[in-house]
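Enquirer: The hints should help you fit chain S onto chain U, whose structure is shown.
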Amino acid sequence: MRTLSRAWETFWFRPADPAGLLAARAIVCAQALWILLSRPDLPAILGWPHAFWLGVDRALAGRFLLGLPTEVERILYALLLGALAAGILGLFTRASGLAMAVLLYHFAPFEDIFSSRGGPFFRGLTVPVVALVLFACCEKPKWRAPASPEFRWPLAAIQVLFAFTYLSSGLTKLLAVGPRWFTARNFQGLVLGLIFPEVAPPWSRLVAASAALCQAGVFAAIFLDFVLVLLAFSPRLARIAVPILVAGHLLVIEVMGVVFLGLPLLLLFVNWGALARRAEKILLAVAPRKAPGILSVWEAGPEPPRSLRR
Amino acid sequence: MMSVDATDRTSVHSMVAFRAVDRLGREWRIDPQAWSPLFPQAIMGWYETVYPFSSSADREQVARFLLARAEDSRLRESQGLRVGNERWLGPLAAPDTNLYWSPPEGATEPFVALRVYRFFWHPTQLARDPAQFRRKLFYECSAR
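Chains U and S, in that order, give the protein sequences. The letter at position 42 of the first sequence is residue 31 when you use this note's numbering, and the numbering goes up by one with no holes. Position in the second sequence (first residue = 1) + 521 = this note's numbering.
Calculated directly from the structure, the hints in this document are not laboratory data. From a predicted model like this one, the values you see are computed outputs, not experimental measurements. Treat each hint with caution, since some may be false.
So, partial list: chain S residues that the calculated Cβ filter (under 10 Å) puts toward chain U [stated by the list, open to error]:
| no. | residue |
| --- | --- |
| 1 | 525 |
| 2 | 534 |
| 3 | 562 |
| 4 | 575 |
| 5 | 605 |
| 6 | 607 |
| 7 | 619 |
| 8 | 662 |
Glycine included, each C-beta is placed from N, C-alpha and C at the ideal position.
If we strip away everything but chain S, and leave its shape as in the complex, we get:
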């Protein structure tokens, strides 16, 4: 368990979050298996630690790669194939050390853009109401 002081209830928490955009302009959560072998937490880590110091070319290279992998994962899932780290062992595969959301269902249109947001929330408010957070877009990349 985390070795941190969590007695402060006033601080605002934040995290990086990703959305894929299909060609109809709809946003979708990205399958946590899409970027295997990494789970989203590791990619969020790159955005937290490396992104602020990276060039625009580097940012674009990373976002394009992530978008391509997200689309590949969507395609595989639509064909009923196993995705990412669960490819060999299925549900018996070792999970990440963190829990994630379930993969999006019904994404039939190709993903054409990746949006990277920062979510902000107060832990006590979010505990009371899961919708109590705000988001700010800080990067977007489209497939050419």
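If we strip away everything but chain U, and leave its shape as in the complex, we get:
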């Protein structure tokens, strides 16, 4: 029990340098900004004819804070874009973080609002919404601050959340269909089902015609859904898993035509602290006088967790 408790404490509260959290903030803001800049007409949807809104009941509208005039929505959208851009540059306060989270939560379901079954879904913005809340609640990371548990737990929580999107996908398959989902015949049926009269994913026919490729697809699905969740718990595994995940998602596009908009969030698993240290050493070697001298900070050693400070 004590070992488990120590592992828990180490996982969440082992001291981490601020680079990881600073990078995570920029990555999350950039991911959300990319999606929003790719939907310039999103606020205008409030002005779409009444008939589109017949399927949106009051409870749903209330849940996502709908009901403001379109012009106000446009202003809020512009504010959100500006705040996210500022967040990428490191201009981030608790208030701006919370405001961004609320606005993103408000706009995220718009694409799905008229007709979603089981949704509306946030289409790549679920992790950013939760991450922004965490960034607003945690201690503000400063570039030269010493390593601290305060810079570890928020990043760990976001990584776990992201990794569990894969595990929950696997568990849903087991609950909804059972082990039969993970058979070559079912995989083949899924690929066939994604060939539409108007469009077919480029490699779908090739894969559907091959029992071996369908079996390989099953193994890939098991790996994606049940093994890669471990990447949140092992930095070593993350080093291998991230390129595999990128390749896996690119294959899913080619075979099934399904695009995963959360792909850039895999950058959350890069060890930014180590990269920063390496860059610092190179800078020191190339131009010792100009180097800002933060190596001493990196090497200063960890602070005890705030929860243990008395």
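Expert: Chain S only, in chain U's frame:
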């Protein structure tokens, strides 16, 4: 990936599909960017879930809006302008979660009507031959 049982090979699949009609009576696919910020999948969803319970006035309101947006998109494209969700970021814009057909080329005449079809197919037959599907018109709306 979808959490569904796809082992059945006998069931007929179906989907909603749209065509714009120009003033010469020719049918055109609609640019997937025409109804931004929504992609066609979301509009198909409205036809699947809300259309069956909507009044004829509501159906007409929706179809007229979609037709106007399709024509606007055709015009913008003919002027060499960016359309829909790609307006700001161009090809770097985040795509939808689904793949779509490419936009129609050579639509020089104004769109004057919208047709809404339901396509039916057997997945195994369609995989063998992309032309193996049938279509049924279930709604049409003309611009006045």
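Enquirer: Taking the earlier hints as the rules, which of them does this structure contradict?
Expert: 8
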